[in-house]
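Chains as they are written, first to last, in the numbering used here: chain A, 1426 to 1850; chain B, 40 to 279.
No lab work stands behind these hints: they were computed from the structure.
These figures come from a predicted structure and were not determined experimentally.
Heads up, the beta-carbon is just placed ideally off N, CA and C, and yes, glycines get one too.
Warning: the hint list may mix true and false statements.
[Stated by the list, open to error] Covered stretches of chain A, as calculated for chain B (at least 3 residues, CB under 8 Å):
1. 1621-1628
2. 1701-1711
[What the hints assert, rightly or not] Pairwise CB distance ranges, derived in the manner of DEER restraints:
3. B:53 to A:1775: 56 to 62 Å
4. B:176 to A:1449: 33 to 39 Å
5. B:55 to A:1434: 39 to 45 Å
6. A:1446 to B:117: 30 to 36 Å
7. B:183 to A:1779: 35 to 41 Å
8. B:213 to A:1446: 29 to 35 Å
9. A:1840 to B:266: 39 to 45 Å
10. B:176 to A:1446: 29 to 35 Å
11. B:155 to A:1840: 41 to 47 Å
12. B:53 to A:1449: 44 to 50 Å
13. A:1828 to B:83: 52 to 58 Å
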Amino acid sequence: MDNLSIYLKLGWRNLWFHPLRTVLTSAALAVGIAALTFLSAMDDGWMQQIKTNFALTVTGHIQIHAAGFEDSRKLSQRIESPEQVITSISSEAGIQAIAQRVRVSGLASSAGSNAGAFIYGVEPEKEKAISRLASFVNKGSWLPDGDERGAVLGDVLADRLSVAMGDKLVLMAAVPGGDIASEVFRVRGLLHSGVMEVDDMIVIVPLKTAQHWLGLGGAVTDIVIRADSFEQVTPMADGIKSMLSAQVLNGTDHKGLSSGQILETLRWNDIDPMAEQWADFADAYTWIVLLIVIVVVLVEVLNTMLMSMHERVREFGLMGALGVMPAQVFAMVIWETVILVLIGGLAGFVIGGGLSLWYGQQGIDLSQFAVAFSFMYMDPVIHPVLELDSMLRILGAAIIGAMIAGLIPAWKASKLEPVHALREL
Amino acid sequence: MSDTLISASGLTRYYESGEMKVAALAGVDLTIERGAYVVLAGRSGSGKTTLLNMLGGLDRPDTGSLVIAGDDVLVKSTSERAAFRLHHLGFVFQSYNLIRVLSARENVAYVLQLQGMEKKERFALADHWMAEVGLQGFENRRPDQMSGGQQQRVAVARALASNPDLVLADEPTANLDSHTGESLMALMRRLNEQQGTTFVIASHDPAVIASARTLVNMQDGQIVSVEGKDIEAVKGDTVS
Ligand SMILES: Nc1ncnc2c1ncn2[C@@H]1O[C@H](COP(=O)(O)OP(=O)(O)OP(=O)(O)O)[C@@H](O)[C@H]1O
Ligand SMILES: [Mg+2]
Chain A
1426 MDNLSIYLKL GWRNLWFHPL RTVLTSAALA VGIAALTFLS AMDDGWMQQI KTNFALTVTG
1486 HIQIHAAGFE DSRKLSQRIE SPEQVITSIS SEAGIQAIAQ RVRVSGLASS AGSNAGAFIY
1546 GVEPEKEKAI SRLASFVNKG SWLPDGDERG AVLGDVLADR LSVAMGDKLV LMAAVPGGDI
1606 ASEVFRVRGL LHSGVMEVDD MIVIVPLKTA QHWLGLGGAV TDIVIRADSF EQVTPMADGI
1666 KSMLSAQVLN GTDHKGLSSG QILETLRWND IDPMAEQWAD FADAYTWIVL LIVIVVVLVE
1726 VLNTMLMSMH ERVREFGLMG ALGVMPAQVF AMVIWETVIL VLIGGLAGFV IGGGLSLWYG
1786 QQGIDLSQFA VAFSFMYMDP VIHPVLELDS MLRILGAAII GAMIAGLIPA WKASKLEPVH
1846 ALREL
Chain B
40 MSDTLISASG LTRYYESGEM KVAALAGVDL TIERGAYVVL AGRSGSGKTT LLNMLGGLDR
100 PDTGSLVIAG DDVLVKSTSE RAAFRLHHLG FVFQSYNLIR VLSARENVAY VLQLQGMEKK
160 ERFALADHWM AEVGLQGFEN RRPDQMSGGQ QQRVAVARAL ASNPDLVLAD EPTANLDSHT
220 GESLMALMRR LNEQQGTTFV IASHDPAVIA SARTLVNMQD GQIVSVEGKD IEAVKGDTVS
């Protein structure tokens, strides 16, 4: 410990022996670390936004289906007793809301034309707590309570069908058994989500009407769950899975009701593999940022340290003569480098963190590029988020960079033979 | 009482320079008693620094044996020699003796800290030695705020503060004016007499040579004569 204090004292004072050099080096470092901290915060903000937007636009955090429905999308694979399932899982911690849906592909026809559609039968009030669909309505209104034949559809689809508020809309879909059934609705609202497949394809109708029309009785295709936070999704899904599979094994659930149906429980990121790719992409991005941190530190610091070593050859020789061990000289130079990097790095953190916080409040408006971003469930305004994990990773990378940058000068300094070093001059 | 501190025999050290093989030390036998004050004199290139470096464990001879304070210096590893220097030797070099970012007190205390002495104790001892070399009041000065002579005095204080068996000084007066040089030598002589610390000093400065109790003259890497009042303290196998 006493030794550490020598290293820190010598390192600190040696750095300030050439204040200008140290200031310039740490300023360059600060700019680099600030930029990278900010980029990383943007990435984190962007990822959070994508996760939220993706999961909550339509999907929800967790979906329960009859086993195989995710692949087949056939109404024959449906949850026969959704209320029982909901009752048995509702004890799971962290559930914010649960809703049921019927989901089917079909054809939407207006007076003039027709188009393919994703038809969602939803519980109008509960759906609001599950997804953002209701919030996207920008003309008319969300499905009014008690309006059994109301429909809300994507604005692009409405354009394609040339329907306006109050117009008639006929939906057709295959029912279990193979027949085609149709039902008449009235357009009550249009929505714009910015996500192409939603705006182009979606038609939302009341769950009860859809069940009746499609001959499903009380069955649904999806039970959709919203968790309190993303962190809870995986443990919650695991909990639900084991709860449901235990019931299947027993043939009855713990309340003695016969359910016995095999169900699948999927997290939002299981449902669309794209989501997984985004996460991988964000990870790759993080690694690139960290690598750049190391390179920036190396480039900025190595030269400064070599210069500083060079002018102190005699001093290292003197220390060696006095009895300082090579390992101590090595540690001393490494410490000096780490201190230099910490000065610049912390300044960079403060600047980059400050910018991130400021823009986290203000948002960065990228609406010029919004069309491209909307495919990716991105808002045109990014809010950088400072995550402790990311900051610590950057700090770690900076220190690793410092150590690597310090290695060469430290090695050189520790290998100096006092006899030779002292003869120099 | 005779008590051998240094016992060297058959020391040789060769340097290759191109085709030529230069003998910096061409067979030196030397015995020095504790408490001696020896000046190694001789023309430039005669091997003074080389011999001093051997005695300081900074350089290894090609052949020969060397025992200091009962320790066979030549069988030691690099780090063992570093530890040996730290605990047994003090050094005063020609210039740049001090660590530039440390104050005079801290420079003196540095070696004590490496030896593991507590802060309070080492600063007190450093201040004592600063006073001893006549630099009371200069404790907080950095090397660049002191004259060359003052810096050399700080080096002497540092060398003696750790209570070494042997102080080695290479051309300690080379960068000093003659008056300052003389007073530095007077200081070293006084400390030799007061403390009984053994000094071996390499120099061709007449003022240093004049301060010698024993003078060892070197030429071409060999000892050519040993003279002085205290001739008993040194046995050199002279070659002439
Ligand atoms: N590193 C080296 N490489 C080659 N030759 C060397 C080296 N060090 C010393 N020598 C040679 O060894 C001989 C003795 O040198 P040394 O430095 O010991 O002499 P010196 O008596 O201290 O001289 P000076 O009074 O100039 O300091 C000289 O011929 C010198 O050139
Ligand atoms: Mg010399």
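Now for the hints, and whether the structure bears them out:
1. 1621-1628: violated (count 0)
2. 1701-1711: The restraint on the region 1701-1711 of chain A is violated, since only 0 of its residues have a Cβ under 8 Å from chain B and three are required.
3. B:53 to A:1775: 56 to 62 Å: For residue 1775 of chain A against residue 53 of chain B, whose Cβ atoms are near 59 Å apart, the range 56 to 62 Å holds.
4. B:176 to A:1449: 33 to 39 Å: holds, 37 Å
5. B:55 to A:1434: 39 to 45 Å: holds, 42 Å
6. A:1446 to B:117: 30 to 36 Å: For residue 117 of chain B against residue 1446 of chain A, whose Cβ atoms are near 32 Å apart, the range 30 to 36 Å holds.
7. B:183 to A:1779: 35 to 41 Å: holds, 38 Å
8. B:213 to A:1446: 29 to 35 Å: Once the Cβ atoms are compared, 31 Å apart, the range 29 to 35 Å for residue 1446 of chain A and residue 213 of chain B holds.
9. A:1840 to B:266: 39 to 45 Å: holds, 41 Å
10. B:176 to A:1446: 29 to 35 Å: holds, 32 Å
11. B:155 to A:1840: 41 to 47 Å: Violated: the Cβ-Cβ distance is about 25 Å, outside 41 to 47 Å.
12. B:53 to A:1449: 44 to 50 Å: holds, 47 Å
13. A:1828 to B:83: 52 to 58 Å: violated, 44 Å
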